[in-house]
Amino acid sequence: MGSGHDPSHDADELAKAVYQELHRVAASYMRRERQGQTLQATALVHEAYLRLAESDPVWTDRQHFVGIAARSMRQILVERARARGAQKRWGGMNRVTLSETLVGAAHEDAMLPALDEALSRLEQIDPEQARLVELRYFVGYTNEETADALGLSPATVKRRWALARAWLFRELSGAAAG
Amino acid sequence: MTPANWQRVRDLFERVLEEQPADLDAWLAREAGDSPDVRDEVRSLVDHHSRAGRFLMEAPAERFASLLDDEPLAAGHVIGPYTIVRELGRGGMGRVYLATDSRLGRSVALKAVAPRLTGDPANRERLRREARAAAGLSHPGICTVYALEEYEGDLFIAAEYVDGQTLRQELLSAPRPAPAEILRTARDVAAALASAHARGIVHRDLKPENVMRTGDGRVKILDFGLARADAPDDDPRAIRVTQAGMMVGTPGYMAPEQLSGERGDARADVFAYGVLIYELACGAHPFASSTALGVAARILHSDATPIDALCPALPAPLAAVVDRCLRKSPAERFGSAAEIATALAENRPSPDRAAVDWWRAHQGIIIALYFLASLFAWMIKEGAGSLAVAVFGVVGVAATIGGILRGHLLFTEQVNARGLVAERRRMERATLLVDAVIAVALVVDSALLSTRRPLEAVLIASLGVGIVLAKLVLERSTSAAAFDR
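So the sequences go chain by chain: A and B.
For the first sequence, this note's numbering assigns the number 1 to the initial residue and increments by one for each residue that follows.
For the second sequence, this note's numbering assigns the number 1001 to the initial residue and increments by one for each residue that follows.
Don't read these hints as lab results, they were simulated from the structure.
These figures come from a predicted structure and were not determined experimentally.
Among the clues, some could well be false.
To give a feel for the contact side, a few chain B residues facing chain A, derived at Cβ under 7 Å [said to hold, decoys possible]:
hint: 1; residue: 1006
hint: 2; residue: 1017
hint: 3; residue: 1019
hint: 4; residue: 1045
hint: 5; residue: 1048
hint: 6; residue: 1052
hint: 7; residue: 1055
hint: 8; residue: 1056
hint: 9; residue: 1371
hint: 10; residue: 1374
Yeah, the Cβ is synthetic: ideal placement off N, Cα and C, and Gly gets one too.
Build out the structure end to end from the sequences listed, making use of the hints.
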């Protein structure tokens, strides 16, 4: 304190930026939540923070951070879905309900583990596609925000997102056939 | 599919979306006639794209709450011998209910461990082990664990039901407690924590939410050894990311080493204890920041706001204990809560800061009066007889000795507060003697002066009387207020 340059200041500033970003991300989750759910948004933020702190405490910049945060969000949600027996419900669906489910976007938590696995396969073909899905879907970013985070144009994101959706949709509806 | 082919598929797919060719097969034959693989893949993807509907169009927001949450049990719900009365709250491990144990007819706090924590067999086994260890703790300051129950695959922990307020609720509602009250709470929490540390059990999530005050004013620590049972213990640096569903309330009570991903030992509890007592005393967090993450960053990188700046009324030894608890390096903190308890017991009785300031002022003023007395005696001896010279000599020597003795006490109070009681006792008779000698000498001077300058004589006599009265009356009360409470 008192000196012109406090080394803790930078860390404070970075942490503040990171926290605000996380909160924004969490808020995008909570947008449609009923009131009184902010506690959970905060809990998610803390949980994501702790994972971040453990995995890689030095964030080079905001984009780097957002990428890791998105990955954390994906892990947290998929783990939760797994723990709640999502696979069992997923496996129990027949093909007709499955297609309707996928198209209608219902029961998505049952789908999350399967989606996660499909996403890992997509990642091997095209890692950037996986990053895009994490941001666009798991974080809930808009095309513009995703474009900003990936350093692409919004138009490119829009097209690539369509590709990723088509690819994953095929993967998931195909998986149920077998 | 080769990377080059995938690149082509991607580009063609995007162009199809843009150009919307009326005859897709013809378009594909023209654009990718050489590669049936690429053609088929693009056709398949375009086909699935047209059928995908709302697939992935909504972020898992609506599912989010239900994913984080476990459904609550309704009142009247029966689990084995327990009947749910009502929900008490939610913790890191799941919901906590007030329930009745029909076997003994007593109320218990029934903690339903969230399924996400019990899915993994290794995790489950660890929970059992930690619950067993916590059940072995028996201390009036620790909430007793009665049993670990398993019904239909779900884990429940039955514990003593503590009726009262958490320290968090107290912090939010009650006015700041008096220093003596804070000291009492600090001692009680330290004693309870020490009894667990003695058995090798670490809390790992000590915070105001986890300490209750019962109706009769006693404190009880909740969730011993359980709150962070989801952290792996076999590998101290294992990344918790691999553990399904970890949820922690706030990083504000985690020691720097815990924030860096280590599991932390008793000294992490010592850190959390420091934060807790600090907060209780000052009503503010030692690493306060506008955001929780800012708090975490300050815990890792910057010093706590000095406690005496925020809370000057706090007894100095307690402030010193808190200060040591909050050190960044675990090695610089107390080794365990037992050491805190010892430190707090040794410092009984604890001085009151404002009273200590009065005591210091008193000592300083008396030293100044000694100097004044010497000055007067020197002035009086000018042009007076040999008796006045002798009086000056006596006053000069006595004032020097008195000044040194009182200076020594001031110094001791600053650097070795603990030794002050013994030093004050040692100096008591010497300072009394010095003051009496100076007073007598001043009275003699006053008598010598009385015929020539009666007004000054009266002033000098009263200075002497004042010094003795200050010794006998004022110093007793300033000392008593400062040190003998």
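* To do: Could you tell me which of the numbered hints above are not met by this structure, giving the numbers in increasing order?
  => 3, 9, 10
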